[in-house]
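Protein chains: 2
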Amino acid sequence: MQGVDPAWLPDEAFRPIGTRRTLIRGSGPLVDTVRGEVARACARFGGAVVQDDPDLVLELTGDDAGEGFTYGRRDGCTTVTATGARGLLYGLFHVVRLGETAFLEEAELEEHRPELALRMLDHWDNVAVHPVMGQVERGYAGGSLFWEDGRARGDLERVRAYGRLLAACGINAVAVNNVNVHAAEARLLTDRLEEVADIAGALRPYGIRTHLSVTFAAPVVLGGLGTADPLDAEVRAWWADATARVCSRIPDFGGFVVKADSEGQPGPFAYGRSHADGANMLAAALAPHGGTVHWRAFVYDHHQDWRDRTTDRARAAYDHFVPLDGEFADNAVLQVKHGPMDFQVREPVSPLIGAMPGTRLAVELQVTQEYTGQQRHVCWLGPMWSEVLRFGIAEGSSVGASARGGLVAVSNVGDDPFWTGHPLAQANLYTFGRLAWEPGADPYEVLDDWIRLSYGPGPAAGLRSILDGSWRTYEKYTAPLGVGFMVQPGHHYGPGVDGYEYSPWGTYHFADRDGVGVDRSVASGTGFAGQYAKPWAEVYESPETCPDELLLFFHHVSYGHMLKSGKTVIQHIYDTHFEGVVEVEAAREVWASLAQLVDPARHARVTERFEEQLRSAREWRDQVNSYFFRKSGVPDARGWVIY
Amino acid sequence: MQGVDPAWLPDEAFRPIGTRRTLIRGSGPLVDTVRGEVARACARFGGAVVQDDPDLVLELTGDDAGEGFTYGRRDGCTTVTATGARGLLYGLFHVVRLGETAFLEEAELEEHRPELALRMLDHWDNVAVHPVMGQVERGYAGGSLFWEDGRARGDLERVRAYGRLLAACGINAVAVNNVNVHAAEARLLTDRLEEVADIAGALRPYGIRTHLSVTFAAPVVLGGLGTADPLDAEVRAWWADATARVCSRIPDFGGFVVKADSEGQPGPFAYGRSHADGANMLAAALAPHGGTVHWRAFVYDHHQDWRDRTTDRARAAYDHFVPLDGEFADNAVLQVKHGPMDFQVREPVSPLIGAMPGTRLAVELQVTQEYTGQQRHVCWLGPMWSEVLRFGIAEGSSVGASARGGLVAVSNVGDDPFWTGHPLAQANLYTFGRLAWEPGADPYEVLDDWIRLSYGPGPAAGLRSILDGSWRTYEKYTAPLGVGFMVQPGHHYGPGVDGYEYSPWGTYHFADRDGVGVDRSVASGTGFAGQYAKPWAEVYESPETCPDELLLFFHHVSYGHMLKSGKTVIQHIYDTHFEGVVEVEAAREVWASLAQLVDPARHARVTERFEEQLRSAREWRDQVNSYFFRKSGVPDARGWVIY
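Line by line, the protein sequences are chains A and B.
Position one of the first sequence corresponds to residue 1 (this note's numbering), numbered consecutively onward.
Position one of the second sequence corresponds to residue 1001 (this note's numbering), numbered consecutively onward.
Rather than coming from a laboratory, the hints here were simulated on the basis of the structure.
Any given hint could turn out to be false.
Stretch-level coverage of chain B by chain A, calculated; a stretch enters the list once three of its residues show a Cβ under 8 angstroms from a Cβ in chain A [what the hints assert, rightly or not]:
| hint | stretch |
| --- | --- |
| 1 | 1335-1343 |
| 2 | 1511-1524 |
| 3 | 1620-1626 |
| 4 | 1629-1637 |
Positions of the beta carbon are idealized from the N, C-alpha and C atoms, including for glycine.
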């Protein structure tokens, strides 16, 4: 698409196919998409769509809903077969990803199929510009792809191009509006449905199903009913009717996303009903149409009293939802943030995951970098997500395996020409899609794929070195040892060590002149550690066994406490903050050295972002270090300059 | 006026005149105003405007511009005579203020005249709603009286009623738009002049001259010139023309207010010119028309590095302006904030005042309660202002006497039905006007006047007890010992002890585990104390002689430092924060006891504000105390609960 960064689908990526002869068997809209992709590549590079003597066969052998495909190469011919049209589409992008290898190396037949059926992006896009949150809540990539100043943006070509990128990394679902559903957005469900249908139509050719965030109060605010009680017959009928209308207009409609009783949004508590009651009502409305309700588990007290050290926000999701295990309908998915707090640079895995075996859980990640540099800092989150997904949360079960309801992420995309503000933040979107397909995948291999596709071989080594440790670098110069939330209130950018310390949000570090951290042990703290299954409950319970990187999340320790690394907590704080800045400086140098190997527009944008990242990293370093030096009085042992 | 609180001019206040026979001699618009006031009172209460046998004579004996009047009562007749029409108007309101006394007690002839010729309110009202600052910057009383959503509000009856209130407390000038002049506001000078003229027309009957805040860049942004250099002939001609047009449309136009080279506003520095050059250019444009330029001295580095302890924002105004003493034109007034920082609840007097004997200085106060509770807290500022105005800043000269250019305040008024949001905040506006007329007046007597006029005798004792100590109460539960700026960034409401500690604004307290405060001594600090004349330079230089209430403004001391009060700094912090809350609780009780003695609408509004004040005061108390307890580790000696 003109004027928009090609991301991981530059024309060059289609050269291997575009110079070959491809035979395509099958019919239907998605096969048409496949045929169109191949034909376009051939038109550019001189190959052809043929009926015989192919280098590549793409064959649809059935008409099921499967997403898998079989790939192989024998006797000079590469084959992709699939029993469902989506599988064929994914097979095509698999060949694109392999590049020349797909036509040079023999390969035994291998089955590919996604481990998770739902791989979804939630857009926190507002239709009407919100007076505080703007067009996109926590958006750092310009405006919305879908909405602008209260109206549909109407650029369906861009939406289609977006769907194409998503399909190429395995994503199959998009929720098109913010989970905080305000007045204008509520009406997407009813009289503004056509705007959603247009978007769904543009995403459909790439196998993306459209979802809608709805307000639990819709029967009242849209339907004029006197209640939204989920057990009220009239309310249920209203939802059934509204849902039927949506699904008749959007036959492949994915379903609803609901944030209820959370940060001020309405929910079933107002009617004395449980969250299972609420979710099941919507599930019943969706069931006849094959849709799913995604019910978010982000329920906690956001009017907490900071003086009260017994209440612990980290406990909230578990306390609210575990008692409801087994009560949710089959097409209700409980959507759980990966950590117990809110997308900090370091959190333990949420103990809720693995504690609800009778419930379909989806795990929610945040691709948009709310707390990880807001797409002004390089921070590739692949290793963090991979750690989460591989984490053995329950006996014999990883987080990835527990996510039977799928993997969901908050999108980092906007109408920015580079899609994601920071061009290197595209890597997060791509990695998310690939990990959703295969939670156990090696994130560094995924990163290499992204680099090769997006930038070619020239700058690959440099890009790898900039990105692969960037999450740990970000962690180093920001909030140490799992403590979290040392950010400026509201917008969450930049350091504010006490920014949330006396707030109602339940996000404290309790630093005093002697020590820092939150005691979440069973023995002497909030008891949160006890929400975990073994062995984690025991590991986290004691400062002696708790991993260094989560120490301050689980324990309040003295500044002189000795870490497993052999450093004291305070010296760890000083050292990591300096090291983090040094690492940013080094990454910026590497980037500068790639000037001749990278498209100038991309290079200029990233260069500009590195200036800001370095300025901000130094600010983080000096504020955090000064804060803890002033409080602890412990001099640095290494000769760093602390103000 | 219907639906609007009568403030200090309820009908009842006109009963003494309205039941009498009044003879009015003289002619002209202001005499018409006087006649209208008297006639209206008589129509209500049965008196009359008469030609003979008067109880009261109001007589204009000349046509000068004087504002004084002579008052007396002899042989059963009260007389007010004035040589200028404004004087007659002020004499009328003097009689209103005296009430029955004016008709019952004989009085020798006494001269009244304002000590300061200019008594002005600056409105920080935006024409177009600012995305961050809203319709009124630092406004806590609803929208603007003058502007709404980019247009003139058009309610000239309300503007006239406002002018009437101002005249009744002695104010004679109003600047109708924010000193931060954005795009829409800039055009008030040129193609939107009619909107200003309409407002001027509504204020004129009460002797109020209208002023306009202008942008220094006007010749560029409005005139299309390539420069705004104040020594450029074309620029000077542009200003002369623009000013002539304004003054031909508004013959009594007061002049311009300019914030230049301050917090991002354009100014003469861009052209290598001095602030005297800038001010004198505008003064030259205004001189033929009798206008004055008010040039603000609020010039400092707002991109300061918090790591740099040698730069001191408190020094900035003095450092910038004292070298220019004697260079400003006669009709240029240098407008200086009363303290060296920014309207904190406690600051020393700005050393600039008294250090520029060759310059007409105006002293700027802040009636709008930006840092003093934002009209959600009761905080009557009369005692603070009185301390400032009576302060002997230079040999034989008080601040009030140094303010030859007048007294200016940022208005606290909006389109709120109570004018000021918090009904009791009206007392600040009234007190400001009276102190501008007579800087040495006893503020408590002024307060009693306000209470008697506004509320009558019933609740007077209660109101006195609520208001008279409210500033010191507010000081107690907020920022201690002159340290300032422990507020939430941006909106400045509520506690944020470290809110500005690592910011670029130059507003720090440097609290660490051992002590707190800013060393501004000459011997070891920033040298700010040396900007004062004797004896203050010596008094402030040493912690031993520095007054307790300013100790942390001038010195960094240990938590165990013994105050003159006999308490340590830390125990003072603990105690005052608890005492402050107790005082708010007591004031709320008093207010509750006045329910039957106060108009129900006023009572309800103040009751609601007290709830918020108490909640907020407790938050201040607990956050400040927890902060310093965590940092110092010093236990409270009194048994308070500290979290």
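Here is what the structure says about each hint:
{"no.": "1", "hint": "1335-1343", "in the structure": "violated (count 0)"}
{"no.": "2", "hint": "1511-1524", "in the structure": "holds (count 4)"}
{"no.": "3", "hint": "1620-1626", "in the structure": "holds (count 3)"}
{"no.": "4", "hint": "1629-1637", "in the structure": "holds (count 5)"}
Hint compliance for this structure: hint 1 alone is broken.
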